[in-house]
Every structure is written in structure tokens, then in C-alpha cells.
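Q: Quick note, the sequences are listed as chains A and B, same order. According to the numbering used here, the first sequence is numbered sequentially starting from 1. According to the numbering used here, the second sequence is numbered sequentially starting from 1.
By construction, these hints were calculated from the structure, which means they are not laboratory data. Errors might be hidden in some of the hints.
Label pairs and their calculated CB-CB ranges [to be verified]:
hint	chain 1	residue 1	chain 2	residue 2	range
1	B	338	A	69	31 to 37 Å
2	A	269	B	120	35 to 41 Å
3	A	360	B	528	56 to 62 Å
4	A	76	B	132	55 to 61 Å
Please read these numbers as outputs of a predicted model, since none were measured by experiment. For every residue, glycine included, the Cβ atom is placed at its ideal position computed from N, Cα and C.
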Amino acid sequence: MPDGVARHRPLHPVAWWVWAIGLAVATTRTGSPLAIALIVSAVVVVVFWCRDDSPWARAFEVYLLFGVGIVVIRVAFYVLVGVKSGDQTLLALPRIELPEWTGGISLLGPVSVTGLLGAAFSGFQLAALVVCVGAANALANPKRVLRSLPVSLHQLGTSVVIAVTLAPQLMGSWLRVRRAQQLRGGRGRGARAVLATTLPVLQDALDQALVLAASMDSRGYARFRRGGGSRAMLPLVLTALLGIALGTYGLLDGTFPLSLGVAAFTIGAGAAAAASLAASHQLRHTRFRPDRWRTTENLVAGAGLCVTVLVAVTANLSPAFAPRQVTVGFSLTDGLDAAGAPSTWLVAILCALIAAAPALLVGRLPR
Amino acid sequence: MIHFDHVTFCYPEATQPVLRDVDLRIQEGELCLVVGPTGSGKTTLLQLVDGLAPHFTGGLLQGTVTVAGRDTRENPPRALADLVGIVAQDPVAGFVTDTVEEELVYGMEQLATPAAVMRKRLEEVIDLLGLGPLRGRALARLSAGEQQRVALGAVMTNHPRVLLLDEPTSALDPPAAEEVLAAITRLVDDIGLTVLLAEHRLERVAQYADSTIQVGLDGSVSHGPTRDQLGGSLLAPPVVELGALLGWSPIPLSVRDARRRAAPLRRRLQEVRPTQAPIPPREVLLCAREVQVQYGNVTALAAVDLALHAGEVVVLMGRNGAGKSSLLWALQGSGHRSAGSVSIRLPAGVTAPRKADRRKTRADGLTEVDPAALRPERARRHVALVPQNPSDLLYLDTVRAECADSDRLADSTPGTTAAIVQTLAPGVALSQHPRDLSEGQRLALVLAIQLAAAPGILLLDEPTRGLDYEAKRRLAGLISAHAASGGTVLLSSHDVEFAARIADRVVVLADGEVIVDGPAVDVLTSSPSFSPQVAKVLRPLRLLTVDAVRRAMTERE
Chain A
1 MPDGVARHRP LHPVAWWVWA IGLAVATTRT GSPLAIALIV SAVVVVVFWC
51 RDDSPWARAF EVYLLFGVGI VVIRVAFYVL VGVKSGDQTL LALPRIELPE
101 WTGGISLLGP VSVTGLLGAA FSGFQLAALV VCVGAANALA NPKRVLRSLP
151 VSLHQLGTSV VIAVTLAPQL MGSWLRVRRA QQLRGGRGRG ARAVLATTLP
201 VLQDALDQAL VLAASMDSRG YARFRRGGGS RAMLPLVLTA LLGIALGTYG
251 LLDGTFPLSL GVAAFTIGAG AAAAASLAAS HQLRHTRFRP DRWRTTENLV
301 AGAGLCVTVL VAVTANLSPA FAPRQVTVGF SLTDGLDAAG APSTWLVAIL
351 CALIAAAPAL LVGRLPR
Chain B
1 MIHFDHVTFC YPEATQPVLR DVDLRIQEGE LCLVVGPTGS GKTTLLQLVD
51 GLAPHFTGGL LQGTVTVAGR DTRENPPRAL ADLVGIVAQD PVAGFVTDTV
101 EEELVYGMEQ LATPAAVMRK RLEEVIDLLG LGPLRGRALA RLSAGEQQRV
151 ALGAVMTNHP RVLLLDEPTS ALDPPAAEEV LAAITRLVDD IGLTVLLAEH
201 RLERVAQYAD STIQVGLDGS VSHGPTRDQL GGSLLAPPVV ELGALLGWSP
251 IPLSVRDARR RAAPLRRRLQ EVRPTQAPIP PREVLLCARE VQVQYGNVTA
301 LAAVDLALHA GEVVVLMGRN GAGKSSLLWA LQGSGHRSAG SVSIRLPAGV
351 TAPRKADRRK TRADGLTEVD PAALRPERAR RHVALVPQNP SDLLYLDTVR
401 AECADSDRLA DSTPGTTAAI VQTLAPGVAL SQHPRDLSEG QRLALVLAIQ
451 LAAAPGILLL DEPTRGLDYE AKRRLAGLIS AHAASGGTVL LSSHDVEFAA
501 RIADRVVVLA DGEVIVDGPA VDVLTSSPSF SPQVAKVLRP LRLLTVDAVR
551 RAMTERE
């Protein structure tokens, strides 16, 4: 590849994923709403600064809306069926006891400030995760991510390519069919109308998916080499699944010991890598322009991991910063030390600055 | 190169085999045309060579298909990828990546081609197909002709020895189609590629083909030199028909052959001036003034004026993306319109619509109305549009149910739609699923649904796409009948031969503007890329079709 040409080089997609996952884990390891809010803002800034104008990049707004929806739903559930405790009643709603067989659920009840804030916070924490994953999706072209995956996951590859290609088309064909059916005379509303548009759209999508799969197949996707195959495959895959499942739980759930989570995750990931290597042996392909891992990639991925470590260490040192059960009660100043110790404030701000660093490192894409 | 030995293929759940006892020998370096009516097994034949049938489609294969000695029974498509390249009907649906360069190297990456070889082959293919200016572009932003060339390039980088092309030009405007065909013939000449090419519009490709395979609806297949195969066939392009009419032997396959033979004919017909009946002043059924369509920054239509008269068939032509569809949708009223006015004349006795402010009553007491102001179910009774993808309108599971629903929506007597379907496409069974119909039958069903409400103005968006000669003949009959009964038809098409057969007037759009609007004879004889074969052969005579030649000859005698 001629390097002198001023061709814009997109960042290695895995770097974006490491960065985003690092931030996602960080948001789950703290109970400080300020720290989470700052990290999420940093993520939003980076996405709006660095994304290109591909369909998945433009879908980031959908993730943001989804996040807002999560917070709203969480709060609504709290008001409707949540366990009401705490003082500072904000809204004195009547409590409606449901019959015995519902298991003692009661509707409504007095809404307290602390309870409401607690519900909003736990919704926000989940929304932060969604926004981080959405950011990775917006910044890393899913098809390029796929190229960085081990060859052994080619079946997954086919489905991801088809899903990614068809999702934007679905919206387009839905609009087209609706417009076309107006030509046939005003179709009523309700289930019949929904069926009338959905059916052709889904059939269309299915046909297109088949054409795409046929095209990939006839161009040699996933050609197997003769022989190969390994007996160790099954135990390896099982270990990987178990380890990763336990490890993810350990990493994301703040009440689980971190070290155990890391250990389980490492073992699982190791087994997965070994299984994948064994399977990749059966397939061969080459890359025309392989995504390179250079300094910028190191820095971007490092920024994400750095935030994780910073948050985890601070949470261990300062109990106020640590994650906790929020159902008990909550106030805005939680997660921050008393006025005398501004250190946690500083940590939160530092995290946000590091998280936003890729915006400077990568720069704005030419549009 | 390609051998079929007693091949019979039957799709799952089909009662009849789609191909029956096929024996074929196709030599290396042969360009072989695959012709046949819609619904015959043309695509299946191509898929059998690639192994997509039965490995991908399912079905029962009897006999053996071998390509360069490899049996497709043991080799799935991916194992044949280094040997056979296939370009499907819709190239866009088969694109796996996002940019031209990525798409071109995709196949080589899968075949584990070393990077140095990839670079070399990429440059070769880019030069061969003239893709240089496109290499960094996003696939979605290319024109249809460019996309088709990229799809061709993407299989060529694998250096296949056999190339299978399924209607590569059916969606393209005449210049883009020429470009793609030129690329294909160049590949055959330069590399000695074996090509199987399925096509409906033989006028473009017959001259290049070494041999022709005819696939019948009963699954029978015959293979022979193109001249013999097309000579007595119903599927002949106009030059062949002209040759048959005049008893030329050997039958000409290209305009060049025919023109060299036609000198005496041109002299003979010189004195015959086609009698042009003076056109009586006709009522204007639809009048569009300064219609503009703007999507964001893109101007699809810039101030188009158009009038449609009773008893007239108007054909709309122009490049892909010239604004033909936008115009049809804007005229129908349900499409987007940024500025300008459209008014249709309501037949006498039709009650005025509710939005009275947009209505004008003319001096003669008839009502003019903007179709966009009407509710969709009212508008369709006056202006009906059949969109480019007719199956979008269908959603029920049998033809019978669709017909009944159509009668109900159009307030017509039960059975109206079914009766129109039967005249348009006699073979359609009412119990069939609309998705199982052939392209032509599905178009017939949608046309019948739209005609059930007896609209005066009929708008058709590329109705000839994917239709065989027989289906086009039926469509032409219907269009003429509609015009003869006092209606008007406006249709967009890339098919010059079809336009020559039915058009009274031709309107050519370019970049959202009307560049020509005139009688068909004038427009279709004035420039080579929009000329039918007969006009090219007989230039400067103003004759468009074989029928016109036949008439002129009888007049002469």
C-alpha cells in the first residue's frame, strides 16, 4: 500500500471496542452519579466528533434515546410498583394493595425524593452501559470488526454481515411498501394495515438476505481446508463459555469480588482463544488492507482501560465512590466525599478527560 | 468446459421439474446466450453450473453437472469460487462490503490470495472495466450501470474461467447497458472466458453470442448456433424478425449485418411517406405545470411541464436517476412535490371533492382537481400508478383473495379484477400465491387491481423490466386498449423497442428537466442511443418497427 498517499486511515475497530468496554466497565464500578455523567458526556463528545456518516454511525442517536427510555421506564416502574421507603415524601399517592396471589405487590404509594433519585440513578447506570456499547458500534464499522475476528467465527460473520446490511434497508423498504399500498386505495388502520405492510417488507428482507448469503457463498466465503478438526474443541468451548459468563458477571456486578471476576474472565478468554485458533486452522484467507495496530490504537484503547483502573482503584480506597445498592436511599451528593475531601471530584473529572482524549487523538473525519 | 449429463432438476414441493433431461456441452471460450420465457428455468440453469442449485436452493438434482471436470454435486459454490463467477440479477443485493475496492478484493481474500497478487489483479480488473475513478467510492452512491460493472469486476478478480450473468442489463438505461455489454465482450475476447448470459432483450446481445440455449416452459432445453436458434423463434430481436419478413438468408443478427442487406429495401420504401393522420384536438386529461421535486439538496425534478391527452400513450425515457419515477409519483399525487401544480380533469358526473378550495370549474362545466388534494382511495379512481416493484402492493396469500379485496376497495362488481387478470395473463390460477407468480403474471395482477377502479389516467413505472416478448406483447395490447377507450397512459421505460411499438409521444428527461417532448417517430429516429433497431437499419426512413415496415410494404404494392 502506498503510504505517501493522504488516505484517511480509520482507527482499528478493536481499539474503539476496547475503549468503549473499558468505559462501560468503569461506569458499573462506581456509585458516583457525577463520575458516570462525566464519562457518558465524554463518550457523547467523542462520538459526535469522530464518527463518519455511515448508517451505523448515524444510529448513535437511537442509542441515546434508548438510554433516556431506560431511565424513564425505571422511574415509572418505581412509582408504579416499587418498594417505597425513605423519607422526604414528594408525592403522597395512595397505596393500592393487590390481592394476595400477586405476592404482596402494591401499586403506587408515597413517592420519596431518595427513592425517586435512586431509581433514576440505577436506570442511568444501565443507560450508560447502552450508550457505551452504542458508541463502539457507531465508531467501529461492524463489517471491519468482523474482519478482525478470528476466522473460526465465520458463521457468526455471515449473520452479522446480513443483519448489518439489511437493518437500514428494512426501514427503506417499509416506507416504500407503505407508499405503494396507498396507491391501492386508502388502507384502514389497525392490525390489518400493519399486516399489509409488514408482510411484503419481511418477505423482501428474507429474499435479500438469501441473495446476499448466496453471493458470499459463491465468492468463496468460508472455504474449508481438507482435514483438520480437533478433539479438544468441545471442552475448550465449554470452558470458554463458563469462564466468560462468570467473569462478565463478576466484572459488571459491583457486589462481586473484582479479582474473582478478572480471574474467571481471563480463563474463559484464554480457552476461547485456544478454541478459535484450533478452528481457524481449517480455514484460510488473506487480507488486502489489514487493519494495523499502531500508536493511536494503543492510546485510544489505553484511555478506556486507564479509566477502568482509575475508577476501580478509587472505589476500593474511598467507600463513598464504591458501588452500592441504591434501593435503600439516595441523595445527589452520594458518591462524593464530604466537602472537606475534593479528591473524588478530581478523580471523576480526570476520568472524563481521559475518556474524551480519543477526540483529540483521532481528530475529525473528513466528510 | 461445462457438461450437463441427463440433468433433471426439481425444486422442493414443486410438482413439475423446472429442467428436464438436459444434455449440454459448452466449450471453453464460448459466449452462450440463455433465452426463454419468464418462469422458465434460465436462472436455475445458471445456478446449476455454480452449484447454488441445489446446494443453496434445495431441490432434487438427477444427472451430473461438471465444470472443468469438477462435479457440482461434491463441490458447493464456495469450492467452485476459483472457477466460476456469478453475477445475480440485482447486483446491489449481492454486495458484501461498502466500498468499491473492498468489494473487488473480497473474493480474493476468501481464496487466500497473497497480498502481492491481490494488488496486481485489482489493478488489472480496474483497468479492464474502467473502474479507476470509482475505486474509493461507496457502493451505495454509484449509478446502476457502475454498480453492475463493479459486480462484474468483483467476480473477475478471482480469475474465474466461467462467468454466469443473470440479466445483467435489465435495469440499465441504453448507454449504461452498452457499457456493461462492451465490458463483457471484451472479457470474452481478451481472456477467452466462457460466458453464460441469460437475457430477455436479445436485440442487444444476439450479435455477440456464439451459441444460444433455449429453455422452454416445460423444462426442455435446446442448444445450437444463435442464427438457427433465433431464426424461427418467437423470441427474436427486431433485426431477426425483419430478416425473416424479407426472407434474408443468413438471418442478420446485428444492425450492421442488416443495414448492409437493406439498401434495396431502403430504396424501395423511399417513396412511401408514412401517412401521418392529422391529430385531432384532444382533451387534456392531466396537466402539470412547473412541477418541482426536491429532496434535501438534491433536485430530482426542476420545473417540468407536461400534458396528457385522451387516447394517447406517452413514454418517458432518460438515464437512471433522471427523475422519471419522481415525476410519475408527483403526478399521481401521493409522491412528494415541492412546487408547481398538477390538475386532472374529472369525468362528467363525478361529485366534487371535499377540499373545494383547490377545485376549479371550467367554462365547459367540467371539474379540474389536484390529485394530491384527494384522499388516496379517491385519487386512484382517476390516476392509477403501478410502481417499479409491483409486488409491494400485494399482501394476501392467494390471487383469489387479492382480487376479491381489490373489488371491495374499488366498489366494483365482484369478479371484475379476476376477469382483467384472465385477459392479461390467462395462465394464472386463482389459488396460486402471488409470490409464486412469474414477473409478468405479478405485473398483470397488480395492473388488474389498479384497473378495477377504472381510472382514466394510467401511470406505469418501468413495467417492462423482466418481461419476456410474449408478456410485453400482452402489456402493449392492454395499453393500446386503455388509450383507445379514451384513457391516457404515461409509462417510463428503458426499452427502446417497446417504446417504438406503443408510444404516440416520447418525453426524454435528463437531470430533472424535459429535454425532448415530441412525436415518437421524431424522437426515436433522431439519436442513435434512443433508436430502435429497425430505425437504425432503415435510417433516414422514419420507420420504427417491423410492423411499420410490413405496412409500408403493402402500401407500396
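Q: Out of the numbered hints, which ones does the structure contradict?
A: Per hint list: zero violations.
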